[in-house]
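*Asks:* Sequence:
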Amino acid sequence: MPTLTARTKPRTRRSMELLAERPDGLHFSELWKLVVAELPLAEEDLERLKSGDTKGENAWKWQTSDLVMAGWLRKNNGYWRITALGREALEQHSDTEAFYGAARSAYAYWEAHRHGFAYAQKLVGVIPAGRQLDLDTLAAETRLDRGPLARWLWGARPKGAQWVVDGSGGAAPEVRADDTEKAELFAEIQDWQRLAEETVRPIELRELQELLARENERVPHAPSAWLLHGYLAHDADLVRAWITEGFCSLNAALIGPVDGSVSPEELRVRVEHGYRSVPASRREELASSLLAFLSHMHPGDLVCTLSDGRFHLGTVTGPTEYKSGVLRRTVNWMDVRIDYNDLPEEVQGRFASQHDIVDMTSLLNDLLRLAPTAHPDDDSRAEEPEPEAVGRTGSELPAVDPSLADELLITEDWLTEVRDLLQDRQQLIFYGPPGTGKTYLAQHIAEHLAGDPRAVKLVQFHPSYAYEDFFEGFRPVITKPEAAAGTGTLAFDLRPGPFRKLVDLAEADPSTPYFLIIDEINRANLAKVFGELYFVLEYRNRPVDLQYSGEFHLPRNVFIIGTMNTADRSIALVDAAMRRRFAFVALHPDEEPTDGMLARWIEEQTKSAKISPTEDVAALHRELNRRIEDKDFRIGPSYLMRPSVYAPGGLERVWRTSILPLLEEHHYGDDSVNIQARYGLAALRRAVSGGDA
1 MPTLTARTKP
11 RTRRSMELLA
21 ERPDGLHFSE
31 LWKLVVAELP
41 LAEEDLERLK
51 SGDTKGENAW
61 KWQTSDLVMA
71 GWLRKNNGYW
81 RITALGREAL
91 EQHSDTEAFY
101 GAARSAYAYW
111 EAHRHGFAYA
121 QKLVGVIPAG
131 RQLDLDTLAA
141 ETRLDRGPLA
151 RWLWGARPKG
161 AQWVVDGSGG
171 AAPEVRADDT
181 EKAELFAEIQ
191 DWQRLAEETV
201 RPIELRELQE
211 LLARENERVP
221 HAPSAWLLHG
231 YLAHDADLVR
241 AWITEGFCSL
251 NAALIGPVDG
261 SVSPEELRVR
271 VEHGYRSVPA
281 SRREELASSL
291 LAFLSHMHPG
301 DLVCTLSDGR
311 FHLGTVTGPT
321 EYKSGVLRRT
331 VNWMDVRIDY
341 NDLPEEVQGR
351 FASQHDIVDM
361 TSLLNDLLRL
371 APTAHPDDDS
381 RAEEPEPEAV
391 GRTGSELPAV
401 DPSLADELLI
411 TEDWLTEVRD
421 LLQDRQQLIF
431 YGPPGTGKTY
441 LAQHIAEHLA
451 GDPRAVKLVQ
461 FHPSYAYEDF
471 FEGFRPVITK
481 PEAAAGTGTL
491 AFDLRPGPFR
501 KLVDLAEADP
511 STPYFLIIDE
521 INRANLAKVF
531 GELYFVLEYR
541 NRPVDLQYSG
551 EFHLPRNVFI
561 IGTMNTADRS
571 IALVDAAMRR
581 RFAFVALHPD
591 EEPTDGMLAR
601 WIEEQTKSAK
611 ISPTEDVAAL
621 HRELNRRIED
631 KDFRIGPSYL
641 MRPSVYAPGG
651 LERVWRTSIL
661 PLLEEHHYGD
671 DSVNIQARYG
681 LAALRRAVSG
691 GDA
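Numbering (the UniProt record's numbering), first residue to last: 1 to 693.
Bear in mind the hints are in silico, worked out from the structure with no lab data behind them.
Among these hints, one or two may not hold up.
Below are the DSSO-like pairs computed for lysine-lysine, each with C-alpha atoms no more than 30 Å apart in a straight line [stated by the list, open to error]:
no. : residue 1 : residue 2
1   : 182       : 159
2   : 50        : 501
3   : 610       : 50
4   : 50        : 457
Fair warning: this is a prediction, and the values are worked out from it, not measured in the lab.
Please build the complete structure, drawing on both the sequences and the hints.
*Replies:* The following block contains the structure:
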């Protein structure tokens, strides 16, 4: 059977043929109706997605984005219109495969040069009205071929595209503009001149870069900390020169002169061009390091490094300077006499990173503690953290409140043990049969220890859950705000999952403990979900390289509580890697803290007149579990901890609809067990009252 892409290609071409018959264009919804009337969707393409579109329509919208990249199609506020270049493509490529292949090549060029196109979009977006930028200048600055750039501007029409012109002052010949399109472009410029009462003037690249730099100006900078790795140069340790001469540096030989005003987009283009012979992953890493040094590091930030086993700490005192292929910042290095082995474990772990520059801001307070009170060469004093900043950190859990134990109907000793386990191991799993309150306890304990419910995130695992759902992965996105109107272009964006989002919050707020609760953790393929994160669960002080992004470490103030239903999967089946990284806490109906919980709940509810029990339900519950031989399938008390159970007929209803179905599933295929005779309410009542069981 043809793939969805193959089934969509004829609809894509037919769309262009229909638009060629309508010079004024069509709303995409009307166009879609015409297309599917002629080329109906296959049954498998009729499935509705979350967006409300069918799979077939969704694929069509994505595929037509390639036509926009090629300059063949324009999408504007939901209306689609073919360009003269698109009509020419229809004539040149009568075969559907050839037609789509030509469009796809335009997308392939965009994909291979996405940093250049992103930079072009930024530059074009800040062109003031009435100022024109030469296309050749834009192509040279962004390192893009003139033809693909001109066609992308003609089809995608990003903000400011009308002000990018050929040397003649009009549309580039590569876009094959017809008389109508030329007239529209000329009219747009004339309308501006008439309203502004000014003439159109050219704009120089430097002026445009200054406008972009002002747009990218940072908000007031919060104190940060950075780790820099010195490299060996001419057989001399570079760090020694840093300390002696009072600076730090980063090699930037192949990107040319640059300063802190450079935009992220321009910097990435320079790296892509200057380091084109190195692997793409290394170029990405270089761009991130250079951007951090140029734009994210500021005077007043702490910097640290290592040389001959000695730790060095300093304060940045000046802006970035470019000299002989090297970026430099002046640094006031402190007289810190600390060996690497004497550093806090978390600080040591960051030095294992192989990146040129590492953000250490989450350890700012740890580094401040290592600073002397005064530099021996001057009267400056290291800024001391506020008392609350060096008090209890987010990695230190508060003591448990006895009132929480009373609220949860558990003992204070058991609650304290759970808190201590979390403090020591940072990851634990509550496991037991259904109804033992695993998720309920996890949520309330986490919220209590965090002190803020916003610092607690719950996710539920299931068999199809994957790393990309849990941590991060690439997802298709529409790159324009008018995406809902079907006018966007296709791209893939790295999207964070719930765990990544929680970690980012924890990094930004190191004084608060953050909790991830994983409900039914054993229902997913754990090795598939966690991937390389297994390593950081055990070694939090060391970084690991991620599948889709850079280096990552798990902050000390992130805690994980999992829940495991042993009726679904025995704890014995959990792989050894998982068992080693988590502490396991049993929650069984006949063990503390669950044993006696139902009786305590009934007593409290009766005292407050919320229920009026007419029989000993706790005794019935104990007798039920006595008859269940498999410990993992015994029934927890939470099924019976609802006021509705104690209303007339309530107990019979919960027994019939919740408890007996679980036991029927447990004994499925075993004809020797009579479920009603063994577990029915009538049999249990007789046993509790002293009659025959």
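*Asks:* Has the given pair, residue 50 with residue 457, been kept, meaning a C-alpha gap of at most 30 Å?
*Replies:* With Cα atoms ~23 Å apart, residue 50 and residue 457 stay inside 30 Å; holds.
*Asks:* For a C-alpha distance cap of 30 Å, please report whether residue 610 and residue 50 respect it.
*Replies:* Violated, at about 43 Å.
*Asks:* Below or equal to 30 Å on CA atoms is what counts here, so check residue 50 against residue 501.
*Replies:* holds, 22 Å
*Asks:* Next pair to validate is residue 182 with residue 159; report whether the Cα-Cα distance is within 30 Å.
*Replies:* holds, 18 Å
Of the numbered hints stated above, the single one contradicted by the structure is hint 3.
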